[in-house]
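Starting from the known structure of chain A, fit chain B onto it as the hints suggest.
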Amino acid sequence: EDKVVQSPLSLVVHEGDTVTLNCSYEVTNFRSLLWYKQEKKAPTFLFMLTSSGIEKKSGRLSSILDKKELFSILNITATQTGDSAIYLCAVASGAGSYQLTFGKGTKLSVIP
Amino acid sequence: KAGVTQTPRYLIKTRGQQVTLSCSPISGHRSVSWYQQTPGQGLQFLFEYFSETQRNKGNFPGRFSGRQFSNSRSEMNVSTLELGDSALYLCASSPRTSGETQYFGPGTRLLVL
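Note that the protein sequences, when read in sequence, are chains A and B.
Numbers 28 to 139, taken from my numbering, label the letters of the first sequence in order.
Numbers 161 to 273, taken from my numbering, label the letters of the second sequence in order.
In case anyone wonders, no lab produced these hints; they're calculated from the structure.
C-beta atoms are modelled at their ideal positions from N, C-alpha and C, and glycine is treated no differently.
A couple of the hints might just be wrong.
Just a few of them, taken from the derived set where beta-carbon distance is under 8 Å, the chain A residues facing chain B [said to hold, decoys possible]: (1) 125; (2) 129; (3) 131.
Pulled out of the complex, with its shape left as it was, chain A reads as follows (with noise of 0.2 Å):
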């Protein structure tokens, strides 16, 4: 059966800080990694990576795959208010047709 698990399940940071998210995965067929971002509703999607050691950036958001290890972290600097969600971690697997398999996610709250 396919795993992922996200770490830590809660965090709780200071504006200004740097936080480091973790996500281990076990699947078959693996075929990529992604990061999602939810507030109050839909996920919004971050990053896609399927490539290990290259890194995806956005803003003060970046991300990175280790298909050895089989991780991905996810960074964010200088956190902001508005960072605060949860961050959901999944895992797309399948030979032909694929499914995603979603972490338990990380609430991230950023405190001013």
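What follows is chain B alone, placed relative to chain A:
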């Protein structure tokens, strides 16, 4: 482009009833996936439809079913509702040309009493 839309947004039902939820994908997207989200289990995959065919199915009982129409709109049906079916049901669409990136709708929050 309009995003993924889901109706209704909120629903209250009683045990034993059935419910139908609707999802309209982003224009041009042919793949629609459904997920159940609960505090304890997180986001769990229900099924995926592509060109009116179910391509993949998660580990849910047969009470959960779905279909997709020729315009890519999709419906999900849950029969004989149980208290444990209370959840946020999310629909996501994908163009299938940009890999596995899925775009989520706002969800339907179902409460079963």
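Against the structure, the hints come out as follows:
Checking residue 125 of chain A against chain B by beta carbon gives a least distance of about 6 Å; that is within 8 Å, so the hint holds. Because the smallest distance between the Cβ of residue 129 of chain A and any Cβ of chain B comes to about 4 Å, under 8 Å, the interface hint for this residue holds. With 8 Å as the threshold, the beta carbon of residue 131 of chain A comes within range of chain B, its nearest partner Cβ sitting at about 4 Å, so the hint holds.
Of the numbered hints given earlier, the model fails none.
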